Amino acid sequence: MAEVIRSGFAESRHRGALVVTGPGGEKVLQAGEVSAAMYPRSANKPLQAAGMLRCGLDLDGPLLALAAASHSGEQFHIAGVREILTAAGLGVEALRCPPALPLDDQAMRGLLRSGGEPDRLHMNCSGKHAAMLATCAAAGWPAGTYLDPQHPLQIEIRRTVEHLSGETVPTVGVDGCGAPLFALSLTGLARAFRALVMAEPGSPERRVADSIRAHPAWASGTTRAERALMEAVPGLLLKSGAEGVQAFALPDGRAGAIKIEDGAARALPAIIVPLLRSLGVAAADGVDVAALGRIASVPVQGGGRTVGHVRPVWSGWAGAPAAGGAR
2 MAEVIRSGFA ESRHRGALVV TGPGGEKVLQ AGEVSAAMYP RSANKPLQAA GMLRCGLDLD
62 GPLLALAAAS HSGEQFHIAG VREILTAAGL GVEALRCPPA LPLDDQAMRG LLRSGGEPDR
122 LHMNCSGKHA AMLATCAAAG WPAGTYLDPQ HPLQIEIRRT VEHLSGETVP TVGVDGCGAP
182 LFALSLTGLA RAFRALVMAE PGSPERRVAD SIRAHPAWAS GTTRAERALM EAVPGLLLKS
242 GAEGVQAFAL PDGRAGAIKI EDGAARALPA IIVPLLRSLG VAAADGVDVA ALGRIASVPV
302 QGGGRTVGHV RPVWSGWAGA PAAGGAR
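Note that the working numbering gives residue 267 to position 266 of the sequence shown, counting from 1, and the numbers run on in steps of one.
Hint data in this document are derived by calculation from the structure and do not stem from the laboratory. Owing to the predicted nature of the structure, the values given are computational and were not obtained by experimental measurement. Don't take each hint at face value.
[Unchecked claim] Restricting the straight-line Cα-Cα distance to at most 20 Å, the calculated cross-link-like pairs of lysine to aspartate or glutamate (EDC-like) are:
#1 K28 to D253
#2 K28 to E168
#3 K28 to E163
[To be verified] FRET-style restraints, in silico, Cβ to Cβ:
#4 P119 to V308: 32 to 38 Å
#5 Q302 to E232: 23 to 29 Å
#6 G294 to G317: 19 to 25 Å
#7 E118 to G9: 40 to 46 Å
#8 R110 to E12: 28 to 34 Å
Cβ atoms here follow ideal geometry from the backbone N, Cα and C, with glycine treated the same way.
Can you build the whole structure from these sequences, using the hints too?
Set out below in structure tokens:
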């Protein structure tokens, strides 16, 4: 699906699979295996957040986006996690995610310069974990075992994932943050993202979609491609996951999901931007076409300078329906 060009030579290739579904959830474009189970990793977070709202979580706006985030560990992210915990009457010690350094380079250097060390607050999933704890507090469930797959919270989140995707979760793993990880197919993941943007305004699902789209830096970080893409394409919902996963939905209900076989996230910008262009987003009102070009350009460095780039090699974009084409 993508290849790495260094000094004019293709030194690596990234294979993968993708699917696009139409406004009604029907498959309109696919490449590779899109029906087999895979782990969405953090692309599941918007679905998990919707499940938490269904269970009584009381968050909106940027804090709800943070509940669905793989955040960069910037100061406003950390303050937001603390705010969620404090409102639930809990402290940082209640978090069960592992310690980590911030994903953002500047935030990481600042933490280390100040004598800081990896901690749970700076782990990129801490917003989700804080929201899980707040949900337990709201529902009257025990907080100490909130990561147990048989905990009432995780049972309800699994039900939400299955409901939104239209699939039965075939296997449950352990995500990098320690939370239960519910497997889906790429098609199921795309349909779940469609369900988020097509839900009734004010519903748990729509609230999650709206909060992420309104506050993309809270769901990722100020320097992240996810934030830049959502700001460049009004109404786009986008979430990445570890090991080369990305899912998206457009306001009209068209949605998609990508999985890079070798897990290389560097291939994603070179794939998602031409895919979105093939869906006609560049012609939509308010789209920052120049920003799309910058995001799609993934440089390859050598000797401190750019000596190549990552480029898409799949030719199936032409089969993607533009707005209204799948109706």
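We went through each hint and held it up to the structure:
{"no.": "1", "hint": "K28 to D253", "in the structure": "holds, 15 Å"}
{"no.": "2", "hint": "K28 to E168", "in the structure": "holds, 15 Å"}
{"no.": "3", "hint": "K28 to E163", "in the structure": "holds, 18 Å"}
{"no.": "4", "hint": "P119 to V308: 32 to 38 Å", "in the structure": "holds, 33 Å"}
{"no.": "5", "hint": "Q302 to E232: 23 to 29 Å", "in the structure": "holds, 25 Å"}
{"no.": "6", "hint": "G294 to G317: 19 to 25 Å", "in the structure": "holds, 21 Å"}
{"no.": "7", "hint": "E118 to G9: 40 to 46 Å", "in the structure": "holds, 44 Å"}
{"no.": "8", "hint": "R110 to E12: 28 to 34 Å", "in the structure": "holds, 30 Å"}
No hint from the list above goes unmet by this structure.
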